[in-house]
Amino acid sequence: MAGFKQVQQTFLMRKLVEFWKNVVKNYRGECHDDDFFDVVRDGVDHDLAVELVEAAYTGGEIDDMEHARYRFCRLDLSDSLDDVFQSLWNNERLRGKCRIVLETIADYMRSGLEDGGEDVLERRFGEVVAMLKLSELEAQILLMAYVRSQTCFCWPCNVDDRDKPLFYAMALDRSYGEVTEAMSAKSRLFKYNLLDGDFDFNFRTLGGYMDGCVDDAIVRRFYRKLDLADALPWEYYGDLAAHDGVLLRRLLSSRGTKCNILLHGAPGTGKSSFARTLAKELGRTAFEVMQGDDDGKNMRAEARMVGIQVCNEQEDADDGLMIIDEADELLRGGSASMPGPEFVGGRSTEKGVTNSLLDEMKLPAVWISNAPVEAMDESVRRRFDYSIRFERLNGAQRLAIWRNLVEKHALGGVISPAMIDGYAAKYETSAGGISTVLSNVARMKPAADEVDELISAFMKPHCSLMGVRGGAEFLPARDYSLDGLNIKGSVPLDMVVKAARNFLDASFSASAVDKPRMNILLFGPPGTGKTEWVKFLGRELDRKTLVVKGSDLLSKWVGESEQNIAAAFHRAESEHAVLFFDEVDGLLQDRAGAHASWEVTQVNELLQQAENFDGVMVAATNFAQNLDPATMRRFTFKLEFGYLDEAGGRTFFERMFKTPLADDEARELAEIHNLAPGDFRTVRQSLFYLGGDVTNHDRVAALRKECAMKKDGRDPARIGFSG
Amino acid sequence: MDSENFKIEDLFPIDEIEKLGTSRSRMCEVRSGESVFEDLKIKMVMRIYCISRELAKRHVARRKKEVEAARRRRQAEAEKNIQQTGLFL
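Chain order of the listed sequences is D and Y. Our numbering puts the first residue of the first sequence at 1, with every later residue one more than the last. Our numbering puts the first residue of the second sequence at 724, with every later residue one more than the last.
For the record, the hints were derived by calculation from the structure and aren't laboratory data. For glycine and all other residues, C-beta sits at the position ideal for the given N, C-alpha and C. Heads up, a few of these hints could be off.
What the hints assert, rightly or not - DSSO-like, lysine-lysine: derived pairs with alpha carbons at most 30 Å apart:
id	chain 1	residue 1	chain 2	residue 2
1	D	Lys544	D	Lys488
2	Y	Lys766	D	Lys25
3	Y	Lys787	D	Lys25
Stated by the list, open to error - From chain Y, some residues computed to sit far from chain D (all C-beta separations above 12 Å):
id	residue
4	Glu777
5	Ala799
6	Glu802
7	Thr808
Stated by the list, open to error - With the C-beta cut set under 10 Å, the calculated list includes, among others, these residues of chain Y facing chain D:
id	residue
8	Phe729
9	Asp733
10	Phe760
11	Lys764
12	Met767
13	Ile771
14	Val783
15	Ala793
Using the sequences plus the hints, can you model the full thing?
Next comes the structure, spelled out in structure tokens:
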């Protein structure tokens with residue numbers, strides 16, 4: 001059409017003209033922003049617009065306006081059209097004429113946009129409206145917001161956020177009341193984050209899709225259907241499937257069940273994998289709410305929240321199961337220290353939005369979180385119908401995963417069942433770690449004689465990276481013996497070992513009225529052989545030893561230390577392992593000196609767990625005097641490991657250095673106080689490479705120096721200038 | 724229809740109005756031979772002054788002549804100014 005600047009996006013421009021014409025029709029005030037008339041300036045030729053003005057106004061009126069006293073209203077038809085129309089509009093007496101001229105121009109522009117053919121925006125807008133089930137008015141508001149964001153559309157004056165609904169009402173030619181209601185915090189426009197807090201189009205939600213830059217189906221942006229073909233079999237979850245799983249299966253087997261399930265616990269403990277298996281077991285279609293956008297960037301919590309709502313609306317509640325992985329941020333309520341998702345321009349609390357979303361779920365949903373549950377508000381937590389805390393994988397679970405993945409990667413020909421057993425016991429890593437290592441090994445197509453080396457080469461750095469145990473077995477030295485140890489206890493060490501063996505013998509305790517617990521406390525100075533004895537005990541009982549240090553259990557989150565303690569006992573029980581708390585003084589401090597409630601609760605938790613533990617528990621400390629007095633009676637055996645006596649010293653010397661001691665050397669050794677088994681090991685290691693040049697005299701001298709370093713040695717190393 | 728109806732007296736002298744008649748008939752459809760722009764322009768004038776299409780067309784034609792005349796007059800004045808200015812140079 002002559003005089004009209006053609007644009008490509010016909011639908012967008014048609015809507016621009018339509019909304020702008022409505023503002024022209026409904027706005028009664030002065031125009032303070034000539035940008036409002038950019039639509040005319042950019043849409044029609046100057047001469048055509050002036051021709052309309054000259055037809056509408058009389059010669060006298062134009063003459064008067066050209067000589068207006070105030071520059072604000074002074075007309076100059078040769079000016080840019082935005083200036084021309086601002087002058088015409090601000091002549092209040094003749095504003096009616098100006099309005100009709102502008103409406104005529106809008107009609108003229110509109111007539112050139114009738115036949116646009118298929119328009120991407122129009123089609124996608126229709127899809128969004130249908131998918132999100134927007135009302136006609138909500139759809140128009142969304143479109144108006146989009147038009148504002150994409151075109152030269154401007155309001156005729158400064159519009160505060162609170163006045164925006166009024167101007168939206170003008171642009172849509174609707175009543176203020178109905179527009180205000182449609183733009184309320186509870187409307188779908190905010191629920192789905194289609195508009196931001198300033199009532200503007202939210203590009204984070206639909207940007208790129210509306211204008212056709214992204215071609216995926218709209219639902220693909222929010223969630224996807226999961227392929228459950230490689231989900232682990234139900235039986236692989238052992239106790240979990242037998243207890244929680246059975247309950248969940250019953251809960252979710254009825255159709256139309258609204259149910260929120262929380263899976264929480266440390267990363268890599270198989271939560272996501274369990275969720276998939278659960279969906280497969282229930283025969284439900286699993287939908288995963290997207291975590292990243294097409295560029296691989298993490299989606300903001302608000303966009304994921306939209307995904308959840310879209311999935312909830314779109315999918316069949318009788319057939320689907322929604323899986324929301326990495327839901328930590330979504331489930332955390334808003335607080336200063338733990339920022340949560342930003343919703344609805346701050347008109348509603350974040351916690352409230354999370355809660356209402358949980359309440360509105362129609363589709364059963366599995367929420368997966370790595371964060372401690374304490375980070376969630378109590379009101380959020382109580383909305384879950386069921387929750388499972390995932391502990392670190394135990395040996396049986398790791399074995400099942402190894403077996404499954406070896407089969408999946410077709411490595412059964414080169415990895416024998418015995419090797420699988422060994423790997424599962426040796427590498428205490430997550431399912432994800434095992435999967436990564438095996439997929440890398442499988443990619444290298446290893447021969448049978450190199451596969452063990454390759455697995456070890458991949459597993460060791462992985463374990464090191466993840467800070468988990470791998471490779472180092474908790475076994476005593478080959479030449480370990482109880483001979484020579486200085487134990488101050490009522491029962492000899494070998495008897496304690498025998499007692500522990502009897503404890504584990506089911507036939508021994510079958511006839512007992514009450515099965516006493518087997519909790520052993522080892523205390524004494526460092527290096528006196530406590531840890532080595534626990535290794536020995538594990539070997540004698542043919543049990544794996546689960547070593548837990550106080551520092552492994554203490555958490556910055558209130559309540560999580562207690563959960564870690566409970567988890568350690570649970571794990572030891574499920575793996576039938578000897579549970580060894582090393583440096584337990586950090587966990588069992590005297591409650592009388594506690595400054596905070598959590599210091600008391602963690603002692604309580606450990607004592608209570610120890611009371612009910614059905615296994616061998618050993619605790620070791622260097623500072624028995626710091627322990628809570630109540631702990632002492634919880635231990636069946638209390639063994640004090642002291643420094644070696646004269647005979648013990650000689651025994652250790654001859655065993656560790658494999659050389660007999662002459663009498664004078666023995667006397668020299670006996671003069672050393674505070675000699676501990678650990679000192680012999682240290683000296684042996686330090687002298688190892690010196691070979692035949694080392695005499696017993698050198699060894700004794702080295703032991704003396706070692707003991708002199710100790711704090712309570714009688715011959716402390718002198719520091720300073722005093723003689 | 725806009726509430727502000729502008730007076731027909733603004734468009735035509737009284738005697739001419741009497742001659743033309745003041746029937747304010749309803750707007751007519753687009754006539755063949757007129758461009759969309761011309762049609763809209765005539766409708767615009769009909770709407771502003773609440774007049775018949777015939778009157779509006781006449782007004783538009785008349786106004787066009789007036790504008791052309793005014794433009795020529797302004798151009799002539801401008802040229803004259805330039806010539807006078809040149810005399811002093």
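**Asked** Which earlier hints can't be squared with this structure?
**Response** none
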